[in-house]
Amino acid sequence: MSAPGKQKDWKNPVMNWIDYRLPIFSFIENSVGSNYPTPRNLNYWWNFGSLAGVVLVIMIVSGIVLAMQYTPHVDYAFDSVERIMRDVNYGWLLRYVHMNGASMFFIVVYIHMFRGMYFGSFKAPRELVWIIGVMLLLAMMATAFMGYVLPWGQMSFWGATVITNLFSAIPLIGESIVTWLWGGFSVDNATLNRFFSLHYLLPFVIFGLVFLHLWALHVHRSGNPLGVDPKTEGDTIPFHPYYTVKDAFGLGLFMIVFLGFVFFAPDFFGEPDNYIEANPLVTPAHIVPEWYFLPFYAILRAITFDIFIIPAKLGGVLAMFASVSILAILPWLDRSKVRSARFRPVYKQFFWLFFANCILLGIIGGKPAEGHWIPIGQAATAYYFLHFILIIPLISKFEKPLTPPDSISAAVIKAEPDNGGAS
Amino acid sequence: MTEETSDETANRRDFLTIATSTVGVAGIGLAAWPLVHSMNPAADVLALSSTEIDISSIEVGQSITVVWRGKPVFVRRRTADEISTAANDDSAGLPDPETDANRAAMPEWLILVGICTHLGCIPLGNKTGEIRGDFNGWFCPCHGSHYDTSGRIRKGPAPKNLEVPPYNFIDETTVKIG
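Chains as they are written, first to last, in this note's numbering: chain G, 1 to 423; chain R, 1 to 178.
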């Protein structure tokens, strides 16, 4: 969004008049228009950033209308959600879009993140784009967690109880912090009210972070699957119409999947227990978080032993928070000069191992913590951290990467010695 | 102007800048406190912080669950067997050592906050027919913590014994919790 200050001469005199005083049309033109040069070789993995933006807008719009019908009170919350489902015009549609939209948001963002890890999008000079992305993930997790509490079902209540109790693991001040978070001595009306308030606030924080994410991105512009910087004009094409069309096509495919769930399997990602109203005196036999938290939940439960002076409970909490925050220092753990895994034969294999390990952690997170699942979860957790603190630094030190092409167009037009000017 | 005076001016300005910023930061801190403190339990929540219960109908070996501060409280009238097991286990290897006499002022009555000290689930074992775990007390189904007949943690991830709330017996049949 750091537009090169050029102002275009618009055909429409009104647009010209406005643009001279508030260069909003030039800003759009320079950010997502024909004056934003984009690498010509972006593949479909580059669709997921704009998809995440579209899902954010869908969530905000559907959330605003849902909030008009929802009552954040322990006596009415569950019933008001049932009323949305049965009595409010199209209420079922709005709620199912919002529910499944949360799952879609995480799918899209997780793919977006794995894209960044595979193609080295987090590397210089885009470290801040990546770090702001990690902050976005944290803000999304907080928003999703609090949103899940609002329907006040059994999983809402007990999920909120377990997660807020994590803070009681903090030495000395933990209990006071939990009381402060609750506004009482248990998850109750005060808690529900503040979660509603924050659930409405945080999407706008996310929106602000997205603005920073894009601002930082537009300074050095998008990376690309080859990981080499565009050198000549022939290496780039204008964002509009080429990538607006490509993004729109991807959006169409995505909406088929998204609405497929909304209309044909709306509760696919949900837990049946959440259709039972919250009861503070009965814990469900098997508490599981939403699927997008399962890998982190597995890491939380993997620490069943004291680590020196750190008790097991605090250790689990620290490991869970560390599993997200370690992503922020990835640009300094991976010192390889080559960005794209296409030219990193060793890293490529370990990337897929890491990916498989994340899926495994997700499976473990959904199983009861007993029997052989405990050692498997501990091994997978250990591997998760080893990947970052040992494997990645060692690979970037010892791997012999292949030589990337000189430029984006050189990779395509091998016959021509001059690598510019092709279009 | 000599160099000395300009230095002096700079110093005076530095002082004013630092003093103004300090007062500003302190002021913002003071102004933030009402916002933070408003999220702590309100007066009406605190007003509900004690509750009186009638225990005359509980038979030996029975337990009831009452609500105190929005939390379940287990009241168990223990059998002679349960009391002696609990007292004998005082010297067993306890993760959170406490004697049974300290936890139950009147040995027959064991009063506990019914919340697992791991992550806040409600342990099973207070109703007849529920599993009571390996130590015949309570068992938390969430992550598998076992508590004994004194509500002490014996096995599993919970770090502490079930909490004993403040309580006193007003008369033979009434106990006030909180």
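Derived by calculation from the structure, the hints in this document are not laboratory data. Keep in mind that a hint or two might mislead.
[Unchecked claim] Below, simulated EDC-like cross-link-like pairs (lysine to aspartate or glutamate); rule was C-alpha separation at most 20 Å, straight line: (1) R:K155 with G:E370; (2) R:K155 with R:E172; (3) R:K160 with G:D75; (4) R:K160 with G:E175; (5) R:K176 with R:E59; (6) R:K155 with G:E127; (7) G:K337 with G:E127; (8) R:K127 with R:E59; (9) R:K155 with R:D171.
So, going through the hints one by one against the coordinates:
| no. | hint | verdict |
| --- | --- | --- |
| 1 | R:K155 with G:E370 | 13 Å, holds |
| 2 | R:K155 with R:E172 | 35 Å, violated |
| 3 | R:K160 with G:D75 | 33 Å, violated |
| 4 | R:K160 with G:E175 | 13 Å, holds |
| 5 | R:K176 with R:E59 | 19 Å, holds |
| 6 | R:K155 with G:E127 | 45 Å, violated |
| 7 | G:K337 with G:E127 | 14 Å, holds |
| 8 | R:K127 with R:E59 | 13 Å, holds |
| 9 | R:K155 with R:D171 | 36 Å, violated |
Hints 2, 3, 6 and 9 from the list above are not met by this structure, while the remaining hints are.
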